[in-house]
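Chemist: Using the sequences provided together with the hints, build the complete structure.
Below, each chain spelled out in residue letters.
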Amino acid sequence: MEAPRLVARDLACRRGYRLLFRALSLDLAGGQACHVTGSNGTGKSSLIRILARLLRPYAGEVERAGSIALLDQTMALDEHLPLGRALAFWGGLDGRVEGRDLARLGLADLLDVPVRYLSTGQRKRAALARLLGQEARIWLLDEPLNGLDRDAIAMVERLVADHVADGGLALVASHQPINVPVMAALHLPDYAPEPAA
Amino acid sequence: MKALRTLLLRDLAQFLPGARKGNTLLPLLFFLAVAMLYPFAVGPNPNLLGATGGGVIWVAALLAAILPLDRLLAPDLEAGFFDQWALRGIAEEMVVAVRLLAHWLSFGPFLMLAALPASALLGIDNQTLQTVELGLLAGTPGLAAIGIIIAAVTVGLKSGGAALSGLLVIPLAVPLLIFGAGSLSTGGEGGIALTGAISLVLVAIAPFAGGAAIRAAREG
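Residue numbers (numbering that gives the first Met the number 0), protein chains in the order written: chain F, 0 to 196; chain R, 0 to 219.
If you are wondering where the hints come from, they were derived from the structure by calculation, not from laboratory data. Glycine included, C-beta positions come from ideal geometry on N, C-alpha and C. Take every hint as true, because none was put in to throw you off.
Here are some, though not all, of the chain F residues that point toward chain R, as calculated from beta-carbon distances under 10 Å:
#1 Leu53
#2 Leu69
#3 Ala75
#4 Ala126
Modeler: As structure tokens, this is what we get:
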């Protein structure tokens, strides 16, 4: 299995008429994690989407090696289907989500429940199950702790720690503190353009 | 190939008539309702019905094909499916091509079946019915492609999408109607062949137009 790598050089991001950040470079390899911090509107989600190549940067370039998985505010699960069958669709593309992972996420009893009846925290955990099933080497997590209770937050922190310990790469954008050992921090407002003098 | 099959099965489960999600029976019922109501509107004169019935079937088929436009692509873009497919290296073009096939399967063959009772209601003779059926076989893939193209172009519009869809349908559908419905008056294979040719062009363009439109909407 190739070692994952995620390199960004001199990224700048513009949304509408506003330059959100500029001159942002990062270089992450397998076994490394990075926590992107910053208040709302500083461009955390945009950075994640640029790194996932879903959004073109205003300047700069992104290089990566290794399979990539994204967890953001959308679930990409069919609302009208029972959770088990909604996950089975992605299982058909990625390979099955293991029962062990479902139990770990506390979803094993919810497989017959239609996705639209799940609570906020349960939806987040269902999206995490989709992410685990993908077995990607690079994880991009956008606010993975939103709507989760204290136990679930600890569980996500363990998942990220295990993934990194296993040689994976994780980049987590969150305004909340996230407790993962050896995690670099990237404070996005540091890259905001100088206010016009 | 496995990915194609997985995508197609999901699409069919969503779009085939009777599927649990949304108003999948509406296009078919709409088509039959037009055929039932038209004789009441123009009167029971068999000559008039026979002369105009084929054209009515064509217009009803076109409108039935564009009824499900708003749920063809937009829900999947909003729910993040297209993002996830892109991360897995599944091109938007491929997704749209599969969706085009599923969309056609969900109304094309059923309209051809429904054209049988419709022709009885409109008093169309057998010769004309045969021309209508062949024309629908040649033309409905093109109607499906028009639907997919318009759904993709308007996918990023939060409001005003419906109005723009209505406007876009007209110029795209005119060639199909001219040759498809026109084959009825000439009774000819030429019209059907041209309908099929236009359909093929539209089907060939649709995945690329749709893929580009979806990528553009994602940037927005």
